[in-house]
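K.L.:
Here is how the chains run, residue by residue.
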Amino acid sequence: MSDKILEVEHLKKYFKTPRGMLHAVDDVSFSIERGKTLGVVGESGCGKSTTGRAILRLIEPSSGTVRFEGKDITSLSSREMRKMRKDMQIIFQDPFSSLDPRKTVNQIISEPIIGNKLIRDKNKLEERVLELMDTVGLAERLINTYPHELDGGRRQRIGIARALAIEPKFIVCDEPVSALDVSIQAQILNLLQELQQNLGLTYMFVTHDLAVVNHFSDDIAVMYLGQIVEKAPSEELFEHPLHPYTQALLSAIPVAEAGKKMERILLQGEISSPIDPQDECRFAKRCNRKCEECAKGCPSLREVRPGHFVACHLAEAE
Amino acid sequence: MLLILSLENKGYGMEEKTLLEIKDLEIQFEVDGDVIRAVNGVSISLKAGETLGLVGETGAGKTTTALAAMHLVPDPPGIIRNGTILLNGRDVMKLTSKELEKIRGKEISMIFQDPMTSLNPVFTVGQQIAESIRYHEGLNREEALKKAGEVLEMVGIPASRANEYPHQFSGGMRQRVVIAIALACSPQVLIADEPTTALDVTIQAQVLELMRELKDRQQMAMIMITHDLGIVAEICDKVAVMYAGRIIEEGTLEEVFNHTLHPYTEGLFNSLPDVRNRKAKLKPITGLMPDPANLPEGCAFAPRCSYATEACRKIQPPLIERRNGHFVACAAYEDPSFHIERKEKA
Numbered sequence: 320m321s322d323k324i325l326e327v328e329h330l331k332k333y334f335k336t337p338r339g340m341l342h343a344v345d346d347v348s349f350s351i352e353r354g355k356t357l358g359v360v361g362e363s364g365c366g367k368s369t370t371g372r373a374i375l376r377l378i379e380p381s382s383g384t385v386r387f388e389g390k391d392i393t394s395l396s397s398r399e400m401r402k403m404r405k406d407m408q409i410i411f412q413d414p415f416s417s418l419d420p421r422k423t424v425n426q427i428i429s430e431p432i433i434g435n436k437l438i439r440d441k442n443k444l445e446e447r448v449l450e451l452m453d454t455v456g457l458a459e460r461l462i463n464t465y466p467h468e469l470d471g472g473r474r475q476r477i478g479i480a481r482a483l484a485i486e487p488k489f490i491v492c493d494e495p496v497s498a499l500d501v502s503i504q505a506q507i508l509n510l511l512q513e514l515q516q517n518l519g520l521t522y523m524f525v526t527h528d529l530a531v532v533n534h535f536s537d538d539i540a541v542m543y544l545g546q547i548v549e550k551a552p553s554e555e556l557f558e559h560p561l562h563p564y565t566q567a568l569l570s571a572i573p574v575a576e577a578g579k580k581m582e583r584i585l586l587q588g589e590i591s592s593p594i595d596p597q598d599e600c601r602f603a604k605r606c607n608r609k610c611e612e613c614a615k616g617c618p619s620l621r622e623v624r625p626g627h628f629v630a631c632h633l634a635e636a637e
Numbered sequence: 003m004l005l006i007l008s009l010e011n012k013g014y015g016m017e018e019k020t021l022l023e024i025k026d027l028e029i030q031f032e033v034d035g036d037v038i039r040a041v042n043g044v045s046i047s048l049k050a051g052e053t054l055g056l057v058g059e060t061g062a063g064k065t066t067t068a069l070a071a072m073h074l075v076p077d078p079p080g081i082i083r084n085g086t087i088l089l090n091g092r093d094v095m096k097l098t099s100k101e102l103e104k105i106r107g108k109e110i111s112m113i114f115q116d117p118m119t120s121l122n123p124v125f126t127v128g129q130q131i132a133e134s135i136r137y138h139e140g141l142n143r144e145e146a147l148k149k150a151g152e153v154l155e156m157v158g159i160p161a162s163r164a165n166e167y168p169h170q171f172s173g174g175m176r177q178r179v180v181i182a183i184a185l186a187c188s189p190q191v192l193i194a195d196e197p198t199t200a201l202d203v204t205i206q207a208q209v210l211e212l213m214r215e216l217k218d219r220q221q222m223a224m225i226m227i228t229h230d231l232g233i234v235a236e237i238c239d240k241v242a243v244m245y246a247g248r249i250i251e252e253g254t255l256e257e258v259f260n261h262t263l264h265p266y267t268e269g270l271f272n273s274l275p276d277v278r279n280r281k282a283k284l285k286p287i288t289g290l291m292p293d294p295a296n297l298p299e300g301c302a303f304a305p306r307c308s309y310a311t312e313a314c315r316k317i318q319p320p321l322i323e324r325r326n327g328h329f330v331a332c333a334a335y336e337d338p339s340f341h342i343e344r345k346e347k348a
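So the sequences go chain by chain: B and W. Here the numbering used here is used: the first residue of the first sequence is 320, the next is one more, and so on. Here the numbering used here is used: the first residue of the second sequence is 3, the next is one more, and so on.
Source of the hints: derived by calculation from the structure; they are not laboratory data.
Listed next, the stretches of chain W that the computed footprint assigns to chain B, with coverage defined by at least 3 CB atoms under 8 Å from CB atoms of chain B:
id : region
1  : 201 to 213
2  : 266 to 280
Which residues of chain W face chain B? A partial, calculated answer using Cβ under 10 Å:
id : residue
3  : Thr60
4  : Glu236
5  : Thr254
6  : Leu255
7  : Glu257
8  : Phe259
9  : Asn260
10 : Pro286
11 : Gly289
Computed footprint of chain W on chain B, listed as stretches where at least three residues anywhere in the stretch have a Cβ under 8 Å from a Cβ of chain W:
id : region
12 : 494 to 502
13 : 506 to 515
14 : 523 to 532
15 : 551 to 559
16 : 563 to 577
Beta carbons: idealized from backbone N, C-alpha and C, even for Gly.
Excised from the complex, chain B in its bound form:
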């Protein structure tokens, strides 16, 4: 039997704007098995980060349920939710703005430990902080430095140590490496992978970088305008992408090989407005395969191959 740590059903997050309702996340359902990684990819504005935050209730979902280890957390009070967050943490995208500039590394990492009253003894607390710093590869001598004294890679390591401090089971990684240089990016990705193996963590990995998500995830969900348009195991998705958007996305990755001219599917136009979208396929305006069917209603996610879901009227199990 599969052990689902997180189940998300019909999650919606709408924002009120002067021009109408902005459908940031529009009826998203998925689940993640314990110890696995779900990669969520999509372009800016597709709702991937909002989904991550709504799951942790850092922003309140408009509707839908989120079950963590079988327990519905959408109805918890903020007190109960705070306890819940001991098991659910997040690593933010920007290591420059997600750390308090007036706190030392020591203070930043120990804050969640103190807040959750895990360790009261001062000496033990410092021991724990040093242990965490060691886990994420930060030198001991940095314990009293401030974030501005450190480079992006080290700051991101602080963010990871802070998330790990209270031994969570599940971490939302919101573009944790996109602000970093490639050589540093690889260091952080390897670190996250080691931590997963050693601590049995479950990740939801939000990114726009397809090469990274492929390397990192067991399953991948592709989002477009607030909806999941395709979801499959990583290998399956890269080998048999079925949704026209996924196909275009995959073909757009520049490959670092000389003399390799890729067959490109060039999309026309850009993501349309997520404000009050009409009941039609949201990708139809940019799609090179659209038919009459597409204007008639928004296609729902259906399983066309084992474990491979796609929301497109035309997709068949090729």
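Given chain B, work out where chain W should sit, using these hints.
P.N.:
Chain W alone, transformed into the frame defined by chain B:
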């Protein structure tokens, strides 16, 4: 049809002419008594129709080198310690600011990294494009605006949107506007500083396609500054890899990608997740780039290099041609049997 006015084939018939020649460029910044050695002896030459990929990580000196080519390094704190920059045979550093105004935008032009901050929010995009057209081509306001519309069409934006302000455009569109401004007067040399970093992949693909088309049509010489080796493979003919203010490897795209010589370049390739082999473990380069205010004595990469010897830490290796047209700055190649681990591609 819309291109007839704006884009005569400027470089046609002069493929062999060197347009931009940078020699032994050294740039330092003096901040609070510290001397930051940003660029330490960089030479670049660029012919019409060529595209050079300038690759490296944050702080490698790519952008500073490019700014110097347009004489835009802020002074103070920036000081050009040494070197010459010849654009069409003229020394850029000896020109007066009047003369510089004449060549910027016309002979050499630059696309800046961030489309959000490089446009002026209080002018319409049409006005911003027309500004350089009026200046360089001596057209009146109306003619210049008309031509600005044509340039907009060229980058795939309807001319009717010329009267809109930057905030009314999406990120991808704004980057097209920035490209349109840079290309408005058909420059001979275009410097593109991470032109697609702020964009999504599908939009990036559109913009790269557009730049390739324009480059082919105008025989423009281009320096593409990027940290993305995928983009280099996509659009460049030549590659120069920078590390700590120096070019450490240089050659044709084919040479540098398939017969990589420098351990740092190898490290960059090993850090990239392979789209085709998801199980392959990443091999990051350990450590960090040295502080440019405190560069080590010998090879700047030696502290991070797994092949480094004692000698590497003492002597700065010169850029030497080791294969046909393929230069590398690595002392390890003094030993003819030395090779890096990365397999050569057939």
